[in-house]
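If you read the protein sequences in the order shown, they are chains L and E. For what it's worth, my numbering labels the leading residue of the first sequence as 1, then goes sequentially. For what it's worth, my numbering labels the leading residue of the second sequence as 1, then goes sequentially.
There's no promise every hint is true.
[Stated by the list, open to error] Label pairs and their computed distance ranges (CB to CB):
hint, chain 1, residue 1, chain 2, residue 2, range
1, E, Glu-13, L, Glu-522, 52 to 60 Å
2, E, Arg-56, L, Val-94, 51 to 59 Å
3, E, Ile-107, L, Gln-2, 55 to 63 Å
[Said to hold, decoys possible] Listed below are the simulated EDC-like cross-link pairs for lysine to aspartate or glutamate, each with C-alpha atoms no more than 20 Å apart in a straight line:
hint, chain 1, residue 1, chain 2, residue 2
4, L, Lys-616, E, Glu-98
5, L, Lys-616, E, Asp-149
6, L, Lys-616, L, Asp-655
Everything labelled a hint here was simulated from the structure, so no lab data went into it. Glycine included, every Cβ here is placed at the ideal spot set by N, Cα and C.
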Amino acid sequence: MQLIVGLDQIGDDDGGRVGGKAVALAALQRTGHPVPRSFCLTTDAYDLFVEKGSLRAIIHQELGRKSFDDMRWEEIWDVALRIRNRFLRTPVPVEIVEAVEARLGQDLRDTALAVRSSAPGEDSAGASFAGLHESFVGVRGGAAVIEAIRGVWASLWSDRALLYRRELGIDVDTSSMAVVIQELIDGEVSGIVFGVHPTDPELAVVESVYGLNQGLVDGTIEPDRWTLDVATGRIISHTPPGERRRLVVRDSQTTVEDVPPDTANSPPLDAEGLAEVFEAVRAAGALFGAPQDVEWTMADGRLVLLQSRPVTTSTAVEGDKRAWYLSLTRSLDNLRGLRERVERELLPAMDREAAEIALRDLTALDAEQLADEIEHRRAAHDRWVDIYWRDFIPLAHGIRLFGQFYNEVMRPEDPYEFMELLVATPMLSVRRNRALSRIASKVRGDSELCAGLAAGEPGSAEFKRELEEFEHEFGDAVYADQQCFGDRARLVRLVLALAAAPETAEAASASDREQRTADFIEHVEEDRRDLAREVLDIGRASYQIRDDDNIHLARLEALVLDAVEDGRHRLRDRHEDDHLEIDLEGLVQALRHPNLVVEPKPAQAPPAVEEGFRAKPRQLIGQPAGPGVATAPARVIDDVADLFEFQAGEVLVCDAVDPNMTFVVPMASAVVERRGGMLIHGAIIAREYGLPCVTGVPDVTALIATGDRIAVDGYLGIVTVL
Amino acid sequence: MSKDRSHMEVLRELLESQMLVVLGTHHDGEPYTSLVGFAATEDLKHLLFATGKATRKRANLVADARASMLVDNRTNCAADFTEASAATAVGVVEEVSEAERSEFDRIFLAKHPHLESFVHSPSCVRLRLGVSVYMVVTHFQHVIELHID
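This is chain E alone, in the form it adopts within the complex (with noise of 0.2 Å):
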């Protein structure tokens, strides 16, 4: 077996180091990007982030819920493109019900304690991208799927 970390310690380890992750949604064939604070469930299957209400994002994703999100731990330096690891997760992002909100509180502010009152802003929506998959890029080009059953 190889010696080198397994691509699923490497995503652990990207999802509970980064702070921000690239989403991406779109509109109409648009494409659009945009960096937003994020925190993973334990069992990495979600996602968390949250964005105000009137966003550009949050209007793609009404349209449509399907997006994907890029996380790395690029430095900006020569040895990123060997050394840096990256992760897309492509899935489906909802609401976060009432229900769940204190659960997502939980998870995100103890993360990203100085968003408590973007969170709690009446005009913020939580949400949630339920993972289908993540591509984990090691090495520049190696790319192996985790497949969420």
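This is chain L alone, in the form it adopts within the complex (with noise of 0.2 Å):
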């Protein structure tokens, strides 16, 4: 067992036990090009690590919890949460400890260094795949690098790994991470070499930036970009950036900033510096037999090559949606500035658009008319489900990001210990289910009203106008396609409902939560603790807007059923009742062309049943979401008719929990769901109200029925039919 190898000590045969990354920096330095100062922390390493903390056995339960393709990317980030939280917990051998400290007391032990991942296999030629593994910066100090070395080993596990785990070849049992461990060069000018671009080959490219190239690689810092003639090195085009930015170290934090003015008008690199960075790609190239992708740094006028590999050709395949789940995983200052245009200026237009249209009076439309104004609803609606797409959910990486930084710091047991800092902010489903309950608690004690509202009765003055300023803050919402409050009766059901149920209260108070907080900070070294009230900010908000824009969204949707509704009303009006079953786009051609016939969309076959059995579940497993246990009946909520079944205690069944449809939480006992994962509004809303939550359980509304007695165990993530 050989723990720690110098780079003049690696062969172009040791990939197996030092990485892609390691061999290539040897092969350089080997040849006469500047490296930085650097040595690898082999796979020997982390085969110790896993072998004495018995980490192989946890991974392999973490992964067999259910057929991975089955797993949504949240529940991906759940799995590779819950993994680095047991690397984080797990003692690095003393062994690795002493061997690190010997190596850096050589030369490097005052200097900020990187600590980067050489995943064997990983950089090897038709498998390059840049980034899916962790590496650190400005990393200063025995200690320091330790940790850096166990968020790079936990890194072979990460989501993003994971969703490229088949052209990764990633195997609990055979796979293994060496580190390179390096003197971090403090460049003036960095950035990445292309010898040959990605879909183009005519051209060499290169991307540089202004400080560490980390921001370059990380999306943080828009780069210049040049292309270049491939055989001459030419340049052919050059885009500057919109604004030149910079990474730089400050007091061992990589921090990002504005270039000084007098620089910022020039691009990082001139004539003479392509020049000679295209040189040196080209000799990467020939000697390494293939075109090579090169991370470099100019310090003191001087090229320095950090890394290189092989230029991989863009493999993308329709429908490969793994490019924006990576795309998901987001830095705190790309956070910052989302969150500022989510906040500032998204929520606030879709909220406009939605009172615009709802200004528009549908009774004084004609059909074609009619027709037309569903169609602007719909684009509208479309539009924002884009944004939605495209904005809104990386912003819930903001929740992520803070409970990986709250781990790193607490190492706690329950790896959502951070979701407790989290909670008791102002949703708005939470505050939808405070003005209800609030209608509710006076229905329940006004015995007239009560049965005066369950016999059929309006009710008095004053409870139709709370009513009507309940339907004005809120809005209608919107599940399965299907509105909600469209109907008064509905919520009158919902108010006498929730009057008959015990007064609940949200278990998550305000209070706990800044104990929590304050506990936090002061774990974090004081020099970190600015970062990380900022961590905890961009995450309670990111917590938020997940639950909020959801209801946001609805109020669209709701406009584009209300239209919808109506064009239904002119066709049965016009007894035209085969209409009612057709789309939307039915409905459309039908409003326009009164004697158009439209065929209904077939109805899809329900699944075979095996013959001569009947199956049916005993115990299912899904992911704990909501710690607690409870048993009571199932109600499996299929469409809005059944929220409005809902009896208080029971178990809420579904496939997805939507806030819109949250209300029926504060009856519920617990909340059992088909989609998976911590980030999931099924999760975030059970823990606003204490209940006990199991995600992730593969067809649960096909398995279990409304009326089973089930038995919900939220620690273990287990449910059980009695």
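Could you use the hints to bring the two separately framed chains together as a complex?
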């Protein structure tokens, strides 16, 4: 077992124990290219760590909870989070700590370092997956290096790596990870050069930024970009960024700052610098026998090569959304800007558009105009759905960013403990539930009003005014393409059900949250406390927007459904009953062409049942998403009508909890859903009310029926049918 | 729908691939388990096995014909906790009649040809578990019951 090797001890055939990055650096150094002072912690160290910590069994357990093909990206995030937490809590064997300390003592003790992944097979020709594993820059001192090494090891099982598990050939029993520890060159200018353009063999590409190139690699900093003639190095094009910013190390922390004004108007490389970088990538290509993608930096005017790997062409396949999933991982700086945009621009703009649409009087439109209006509303809704995916969903990464920060500081046994610092934010869904609870409370205390409402009377003027205020403030909710409160009688029925149920309180309290927050901040090193507060603040904003955005979006969807419902009424008035089952496109056509016969779309056949056998679930495994246990009858929610059948104390069982339907949650004893993950709405709302919650149970709405008595174990993520 | 294999597929594969099951019997409340070679009928409704007439399991079954069988595909490694599958069959054991012996031999000996002399021995008895329910376990704790109508 050799835990540490120097670059001068690494040969071309050592990829299996030091990884592709270390082999390439060693080859560059051997052939006279300047590289940073570096050494490599071999895969023997990773193997020793996971062996002593029994981590392989843990990884097997995490990856085997359900079929990987059934996991959504949010569940893959969770798996990676749990594995990472185990890595953080597992002691690093003393022999590794001593070996690293001893090697640092030779010539790197008081130097800022970069700690980089070097996974065997990661950078082999045809399988280069840049950025799937983690690197840390600006690391200083033995203890910090050991923590960074842990982070690199854990990133073998990062969500990004797991998405590409097949291409990477990830195997729990055989996969391993080496780590390159190198001097951090505090370059004035850095970048990446591609020996050949990934999609145009006639061109080479140079990207360059001021400062460290970590900002370029993780997408935080937009680079200057040149294309060069691959044969001559002649400059073909230059694209400057919108704004030149740089990543620098200040007090052992990397930070983004503006480039000083005297250089901000000049590109980081001049023609001579470009030629030098281009020559380096040509030489690397000749050395390795294939065009290379080289990361480099320039310090004191001297070019240093940080790593080299083969250029791979884009292999994006239609329908492969993994590149989008990868784009969800955002830096703090990126999230800061995104939050500003979502809170200040997008959400208000969406509300304004909904308010403008709501002003249009449908009754004043003829059939043709109504068809136009339906299409207009649908187009507005679709446009906002696209924005939702592009901007709102990535913002949810703020929750995870905080979780990672918290877990690194606190090393909690429960990897979701950080959620306790995010709860009790004023989410729209919770505010809506409070408003409903206030109305229900009045009904509960007024037996005459309660009896009258139950008998179908409209209620007192004050009661009606309160309902109107509620509708005005929160708008309609939409679930499964159906309006929830479109019919006032339904809202009254819900209020009566809430009034009949015992009064419930939100479990999450602001004072608990603040106590935990204070405890967390106290654990953070003093010079990082402002950063901790900011990451927490972004986490809370992400947590709230994650839930609220669906409610904002539903207001628009309700307006589409309003117009659709109006259209259906008109067709009903024309006695064209056949049209009532047709979809939106068919409805628009029928409104435009009164004599057109539109065929309803055929319903899908239910899945076949095994002959001679009757399947009955006994114990279903999902993911623990809210601690606690509860035993009660299930209420399976297939459509809006089921929500209004909900009885106090039942377990809410559904395909996917949507913030638009969480008004029944205060009556529920537990929440179970098919969709999985800790960031999903079911898990969020269950935490607000302190309910046991299990998510990610495959086929749960098909396996469990309303009325089945079930036990929900929110600690272990198990649902038992009794 | 889940992209996981169906529990019926998991069950069939277990019953076809495994040679041995753990048979659970009891006598006056004393539990007892034993490993036996087995084969499943094509419709999976019966599990066939054979034992010596003088064995403890045979005596237990004569006293109370209710029994269970556990079949699994573990390989004694860490991955078993999540990757191994298991099925417990519960039902009632009965002796195979004279008329059904040739059908029993056809199925059972096709899987265990080396047990021919054992099965044909006058001291051996052919038995079958009439299964009322299978409990199929995947992913360590995911349990689906397959009741036979």
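Now for the hints, and whether the structure bears them out:
1. E/Glu-13 to L/Glu-522: 52 to 60 Å: Holds, since E/Glu-13 and L/Glu-522 (Cβ atoms, about 55 Å apart) stay within the stated range.
2. E/Arg-56 to L/Val-94: 51 to 59 Å: holds, 53 Å
3. E/Ile-107 to L/Gln-2: 55 to 63 Å: holds, 57 Å
4. L/Lys-616 to E/Glu-98: The given pair, whose Cα atoms are some 36 Å apart, is violated under the 20 Å limit.
5. L/Lys-616 to E/Asp-149: holds, 12 Å
6. L/Lys-616 to L/Asp-655: holds, 18 Å
Comparing the model with each earlier hint shows a violation of hint 4 alone; every other hint is respected.
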